[in-house]
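Visitor: For this one, chain A is given, so just place chains B, C and D on it according to the hints.
Letter by letter, the chains look like this.
Protein chains: 4
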Amino acid sequence: MERRIPTREEVLAYLHERRNWGRWGANDQVGAINLITPEKRVKAASLVRTGRSVSLSRDFPKQPGGGNTYPAQHWMKTVPRGTGGFSADYYGIFYHGIASTHLDALCHTWDDQGMWNGRDPQQEITFEGAMFGGVEHWDTGLITRGVLLDVPKHRGEPYVTLDKPVHGWELEDIAKAEGITLEPGDAIVVYSGRDASQAAHPGQYYEVPFGTPNPVRPGLHASCLPFLRDNDIAVLVWDMMDASPNGYDLPWSVHGAIFAYGIALLDNALLQPLAEVCAAAGRYEFMLIIAPLKVVGGTGSPANPIALF
Amino acid sequence: MERRIPTREEVLAYLHERRNWGRWGANDQVGAINLITPEKRVKAASLVRTGRSVSLSRDFPKQPGGGNTYPAQHWMKTVPRGTGGFSADYYGIFYHGIASTHLDALCHTWDDQGMWNGRDPQQEITFEGAMFGGVEHWDTGLITRGVLLDVPKHRGEPYVTLDKPVHGWELEDIAKAEGITLEPGDAIVVYSGRDASQAAHPGQYYEVPFGTPNPVRPGLHASCLPFLRDNDIAVLVWDMMDASPNGYDLPWSVHGAIFAYGIALLDNALLQPLAEVCAAAGRYEFMLIIAPLKVVGGTGSPANPIALF
Amino acid sequence: MERRIPTREEVLAYLHERRNWGRWGANDQVGAINLITPEKRVKAASLVRTGRSVSLSRDFPKQPGGGNTYPAQHWMKTVPRGTGGFSADYYGIFYHGIASTHLDALCHTWDDQGMWNGRDPQQEITFEGAMFGGVEHWDTGLITRGVLLDVPKHRGEPYVTLDKPVHGWELEDIAKAEGITLEPGDAIVVYSGRDASQAAHPGQYYEVPFGTPNPVRPGLHASCLPFLRDNDIAVLVWDMMDASPNGYDLPWSVHGAIFAYGIALLDNALLQPLAEVCAAAGRYEFMLIIAPLKVVGGTGSPANPIALF
Amino acid sequence: MERRIPTREEVLAYLHERRNWGRWGANDQVGAINLITPEKRVKAASLVRTGRSVSLSRDFPKQPGGGNTYPAQHWMKTVPRGTGGFSADYYGIFYHGIASTHLDALCHTWDDQGMWNGRDPQQEITFEGAMFGGVEHWDTGLITRGVLLDVPKHRGEPYVTLDKPVHGWELEDIAKAEGITLEPGDAIVVYSGRDASQAAHPGQYYEVPFGTPNPVRPGLHASCLPFLRDNDIAVLVWDMMDASPNGYDLPWSVHGAIFAYGIALLDNALLQPLAEVCAAAGRYEFMLIIAPLKVVGGTGSPANPIALF
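Residue numbers (this note's numbering), protein chains in the order written: chain A, 90 to 398; chain B, 90 to 398; chain C, 90 to 398; chain D, 90 to 398.
The hints are simulated quantities; they were obtained by calculation from the structure and are not laboratory data. Please note that the accuracy of each hint is not assured.
You can't tell identical chains apart in this list, so a pair holds if it fits in one copy or across any two.
[As the list claims (entries may be wrong)] Straight-line Cα separation of at most 20 Å, DMTMM-like style, residue types lysine to aspartate or glutamate; simulated pairs:
{"id": "1", "residue 1": "K166", "residue 2": "D201"}
{"id": "2", "residue 1": "K242", "residue 2": "D252"}
{"id": "3", "residue 1": "K151", "residue 2": "E91"}
{"id": "4", "residue 1": "K242", "residue 2": "E365"}
{"id": "5", "residue 1": "K253", "residue 2": "D284"}
{"id": "6", "residue 1": "K132", "residue 2": "E374"}
{"id": "7", "residue 1": "K151", "residue 2": "E217"}
Next up, chain A with everything else stripped away, as it sits in the complex:
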């Protein structure tokens, strides 16, 4: 992989020339998750040795705050029942954005050439939900080998900064340093030190209201696109997201992997605990499990991803 900033034409080529449209059929709604074969799941399960389980989920984001423009709703009831009773609650969440740990379905993003497999969002996205690429097509879960790529550790710095976005060749270096050979259908889990970054920059970056035009946020560079494509990655789990602005005046850089490659993105993961476990164990691969809610026509799902060692 060439170690230089790609040109706009190159990035467009990543998104348009190397895309996976038609690779699993013109009407496929599963995308790169097709790469997670039953054999791949068996291999993932075979990685479980100590039984340690780590949640990659942040708390359901009830608290308002800079990055949490639309706080999740949690309303309670108690109901008497004879000499006993029960408690019940309502959960409501507009989960995309920068606060909630959630999965993006194939219908979530598009550019001027369309959604996954070339579909037209004007046709497919309706008041009733997505007619194509909804999250229900992943209802058997995303269960595969997860590989942590620990950027702060590799850099010897506490977190990814604005001036040094994560590049594809850097991910390559990290995998090699960790002794990992990537394989088709893998999930990569890119840790960028988001929480340390936020502690150092309160009110900035991932605490700027979602929906603010042209937000400034450290994260991954468009150069990660060919890395994802070359390695046939199926799932990208991350704590920081696309470096923003992306520098190419494109609606999407790394998030373009959804519509171009059919890759599942798991946004706003909590990765510091995972990084600590991996570093302590000297082990960067594990069984990764993401079980999205089965919402027909849903554009994704809040989720609690689990790494099992």
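Guide: Structure of chains B, C and D alone, referenced to chain A:
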């Protein structure tokens, strides 16, 4: 196990004398999930051989209907973004009841002696959520061996009927017939043929509005309580629930396993597909994965449970 | 007014030939509410003599039930504040349908010729709300003379039945019998005895789930359309709605008055108390006040209409 | 009225010694709205001369922002219906706070001595709503004489500032200067120039997130309490609220008028347009109409208050 209907005193003894309060400490909020040790998870993972994955989730219940008094909400947006755009959606759900596939946390039920570990619901259940026994204490997931107990197959009948509730000794028989020896920390998945029952009884049983007083519903008898306790079951996944009325004028029969034993209940699972897979493979054990949303103070979580073979 | 059932062609003519499109300008979003001039409001206020105030609102429909497919949400909080505190609550409602007392805005209905003033719903109704004919254009309220037309009293029957829908000429007769001369900008309040009808037909008519195809409901006949148009009625308040099926295979009969004439409909009013007050006082006119929430792009509003005598 | 800052003891006396508990019966849930007699409504209607109608409502607060921590929800649907169709929408709002124009019911606030009429909030405020003092007790509307008290005009300053809260004696002066003699059951509408203040102080005062501890906000001083009580005011409509901090370490200063006097507060009104109309007409009284949603057990209601001249 004695094969007779227990008396009211015996059922009260199941709930009050054999309870697990204090077994894992007076302040424990994990309950029988403590039985799912790391070793147990390793053993569960070792069951994965073919890599086949089966979802045990019904669709997110958006459609109103008899059993779905409070339909789940799914609202859509599309948002332009430069030359592209994205779709996003809101999910809202009051998930307890009989429509949604969901997990019950330890704070969900109580009788006159209190909640799990003897806590007082008047103190613990607040407008802000549960202060004790919230679902966040299970954030590393419920990952253990799952064992399907297929009642209709065992009986040679399409579904459990009102007049023949499922008894504890019957579950024992089924396990034996399937060649299963139950072990502490197992999840049992009790298939009662709910969907076939509903097809035969439209508008009745699990299609009667949630909240109707004294509903009539086929399901599991209070005699299952000692079966759960004797076998140190950690998780009960089921499609039908407590046979109702329970016959003892108690607020809870099988649902009492939550507050008495600290067992996790996964209600309204979709089990016919799983039963078919098990029957075809002649195999009744698998790796079971439930990954609840991490809602601090939540009384449970909608979930997509996954069986991995 | 001719006393016979109109033909399909005549009904189509009511909707398409006599419509008010362009009457107040091609871009008008106020519709027949333009007929409620300041002078009209002054006259309405001059009707206030005893100061008696009557609410025409049903309770906010929190309870699930046949006609209440999507129960309104009411969630509570209490919040401590020093040595005191406060309570606060969330209201949520999908208010159209047959359960909630609510106002329909000009964007609410259309047929194949379009929305109010000929606008195209495909263009105007977006994920962000209605771009044309939203309820905010009525933010100064609907304040005019209200006239009760008491059908049960006129008929000497407790309620309107399926086989005898309310016709336009009957409304004419009732007004005359009540000594009322209708004037442009009036609100007519058509009482059909809905609650007595429901008491006699539990689970039918207005208790059949909203969204059921081809519902059967007593109410007003398409022959009321020319009555509304001839008299330049601005607002129609009613307890029963369009008789259904409408008998013409049209998407809308009386509800067509919204897009054809620009009339505001106030659906599911509670009218028995008003009818009793009017009968006792021998007085059928009053000051009517409807103050919709100011929701930009809203398709209507839950409301508490008030009659002031 | 003495023109000096009251002591803490005096403010406590306003709240505890001069309160209206029991004045309309020990179980009364209507409070000072009892002062709005039918005769009072007749007099209010008699004020209508030009028929001009002015809305005092801000837009339904959908947009996130500093002062709008919990944005109101507005979700859209379109539904086809034969050759036509309809649009419908969901409104959801947690309306208390500083963003939404809304009414406070008698159950909304309390101090250590209790809620309106001495009730105990621990007993009365439940998961099902308020059992006492809910907004449904005002379902016939708050319809009375409204009197604008224009503080900026009186001061010759664009808005009320932090260092000069509005005092009771100043309201007295303003009424006199406007030629108004207050009468029992009146609604006073106190205009403080909130929007001009916010334009000059972006991100401060009424744009600081609701829920921030010890917010700093200009507004009305506790000295307004005896003014409200002496004049038997029934409704207080305002754009700014209690000056904060209130200076007495009390949970509530002016908001104490709810539990002490039974007065209805209409918070976050939009008053600049009204002030302009009043100034242009040289007329400060009008018919005021507030029609809350009829939510049984509701702690208030979003509302669109209307001034009719």
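Visitor: Which holds for K132 with E374 at a C-alpha limit of 20 Å: within a copy, between copies, both or neither?
Guide: Both: 11 Å inside a copy, 19 Å across copies.
Visitor: If the cut is 20 Å between Cα atoms, do K242 and E365 qualify within a copy, between copies, both or neither?
Guide: Only inside one copy: K242 and E365 sit 10 Å apart there, 47 Å across copies, limit 20 Å.
Visitor: Go through the copies and call it for K253 and D284: within, between, both or neither, with a Cα cutoff of 20 Å.
Guide: Within one copy only: 17 Å inside a chain, 43 Å across chains, cut-off 20 Å.
Visitor: Indicate which option fits the pair K166, D201 if close means a Cα-Cα distance not exceeding 20 Å: within, between, both or neither.
Guide: Result: close only across copies, 18 Å inter versus 46 Å intra.
Visitor: Under a CA distance limit of 20 Å, which applies to K151 and E91: within one copy, between copies, both, or neither?
Guide: neither (43 Å within a copy, 47 Å between copies)
Visitor: Have a look at K151 and E217 and pick one of within, between, both or neither, based on CA distance no larger than 20 Å.
Guide: between (26 Å within a copy, 10 Å between copies)
Visitor: Between the shortest in-copy and the shortest cross-copy C-alpha distance, which are at most 20 Å for K242 and D252: within, between, both, or neither?
Guide: within (17 Å within a copy, 52 Å between copies)
Comparing the model with each numbered hint stated earlier shows that hint 3 is the single one that does not hold.
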